[in-house]
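Asker: Sequence:
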Amino acid sequence: MTGNGHAAAAGDGRGPVAANGGRRTGARSIPWPRVLALVALVGATIFVANSCQRSQVRIDEQQAIATAREQVDFRPRTEQVRLVRQGLTSRPFWAVSLSIPAGAAGFKELAVVKVDANTGKVVSVATQPSPETPPP
Numbered sequence: 001m002t003g004n005g006h007a008a009a010a011g012d013g014r015g016p017v018a019a020n021g022g023r024r025t026g027a028r029s030i031p032w033p034r035v036l037a038l039v040a041l042v043g044a045t046i047f048v049a050n051s052c053q054r055s056q057v058r059i060d061e062q063q064a065i066a067t068a069r070e071q072v073d074f075r076p077r078t079e080q081v082r083l084v085r086q087g088l089t090s091r092p093f094w095a096v097s098l099s100i101p102a103g104a105a106g107f108k109e110l111a112v113v114k115v116d117a118n119t120g121k122v123v124s125v126a127t128q129p130s131p132e133t134p135p136p
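Numbering (my numbering), first residue to last: 1 to 136.
Heads up, a few of these hints could be off.
Said to hold, decoys possible - 25 Å max Cα-Cα, derived SDA-like pairs, lysine to any residue:
no.	residue 1	residue 2
1	LYS108	GLY87
2	LYS108	THR89
3	LYS121	ALA95
4	LYS108	ARG85
5	LYS121	ARG77
6	LYS108	ILE65
7	LYS114	VAL125
8	LYS108	VAL72
9	LYS114	GLY87
Honestly, the hints are just simulated from the structure, not real lab data.
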């Protein structure tokens, strides 16, 4: 018996020994560095996958030309198409130039249509009116 009326426990003198060898049961300590590393890894994976998804070229050159032709009110005789990448994520765009040449003097009609090479959406349309057309 000890001084408090309880029987002394066998062991190292620090109190009762648990039946499971002294291991703690119940709530465990959460390894926060590992949890944070896992969350960071998942976040980085989602970011990279999303970036790669946006940088793909899903619209081909002919689809971009057809989309650009729908945006102008003249029938072009020449077409020039360039794939350009813009921004930090190098997002791909088709720059489609549609024109009616006017000899060495330049163009009778000229339009440059920028088409998103991933989605096919028209991003911008820049036109140069013909010299005969009075300014608005």
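Asker: What hint numbers does the structure not satisfy?
Answerer: 1, 2 and 4
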